[in-house]
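**Student:** So for the sequence shown, this note's numbering puts the first residue at 755; every next one is plus one.
Derived from the structure by calculation, the hints contain no laboratory data. A portion of the hints provided could be inaccurate.
Claimed, not checked - Think about it this way: if two alpha-carbon atoms lie no more than 25 Å apart in a straight line, the pair counts; the simulated BS3-like pairs of lysine-lysine are:
| # | residue 1 | residue 2 |
| --- | --- | --- |
| 1 | LYS911 | LYS783 |
| 2 | LYS911 | LYS842 |
| 3 | LYS815 | LYS783 |
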Amino acid sequence: MKKSIVYFVLILFLAGCGAATQKTYMGYKVFDVSYPVANNQILSFPITEAGVVPAENDNYKIEVTGFSVEPSQEDSKKALLTWQFSLKIKKYNKIEFIQIDEIAPTYVEKMILKDTDPKIKNGIWSGSLAPIEASLTSTPWLYAEKASFYVYRFTIKAENSEPVILNQLAWFSKPAKKSFQYTIEKINN
Numbered sequence: 755m756k757k758s759i760v761y762f763v764l765i766l767f768l769a770g771c772g773a774a775t776q777k778t779y780m781g782y783k784v785f786d787v788s789y790p791v792a793n794n795q796i797l798s799f800p801i802t803e804a805g806v807v808p809a810e811n812d813n814y815k816i817e818v819t820g821f822s823v824e825p826s827q828e829d830s831k832k833a834l835l836t837w838q839f840s841l842k843i844k845k846y847n848k849i850e851f852i853q854i855d856e857i858a859p860t861y862v863e864k865m866i867l868k869d870t871d872p873k874i875k876n877g878i879w880s881g882s883l884a885p886i887e888a889s890l891t892s893t894p895w896l897y898a899e900k901a902s903f904y905v906y907r908f909t910i911k912a913e914n915s916e917p918v919i920l921n922q923l924a925w926f927s928k929p930a931k932k933s934f935q936y937t938i939e940k941i942n943n
């Protein structure tokens, strides 16, 4: 009996040790996926069954890498898509610039935003791209049958520091894209 209890406690201990090494995010098991990006590189990203895990380090955390769809202010029957980004500044330091490059699905890295006078409000920086028409012709990826993936490289340059790079995967599932298609159809009709 005493030996059985010792084995049982040992099994519980070992099971607990194994569980402690498993990474989770918001209650979901985290696993890494490799994804091809510009310049023939392959990067690894942490994801869960529910979606991507935000890229972060001790100083910064990517909060938003996504888009919204809204009616145009000039024509309420025209849907516009606006890419939006935000970054949490965990430790305050004067930020000299924030640059965002699209590195997938493109084959060549392209700068899409550079803020040389970033405004930080309550520890958060936000930026967006100019709105574009949301339609089958201008945003065909939104109508593709499969999930769509984008990868953005955030370069953050703080005063008296080397630039920091965080790569963020953005994953738009087929159901999420269907929801946006419905919104676009409602706006355009």
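**Student:** Sort out whether LYS842 lies within 25 Å of LYS911, counting only the CA atoms.
**Tutor:** holds, 14 Å
**Student:** Is it true that the CA of LYS815 sits at most 25 Å from the CA of LYS783?
**Tutor:** holds, 20 Å
**Student:** Are the Cα atoms of LYS911 and LYS783 separated by 25 Å or less?
**Tutor:** violated, 32 Å
Consistency with the previously given hints fails for number 1 only.
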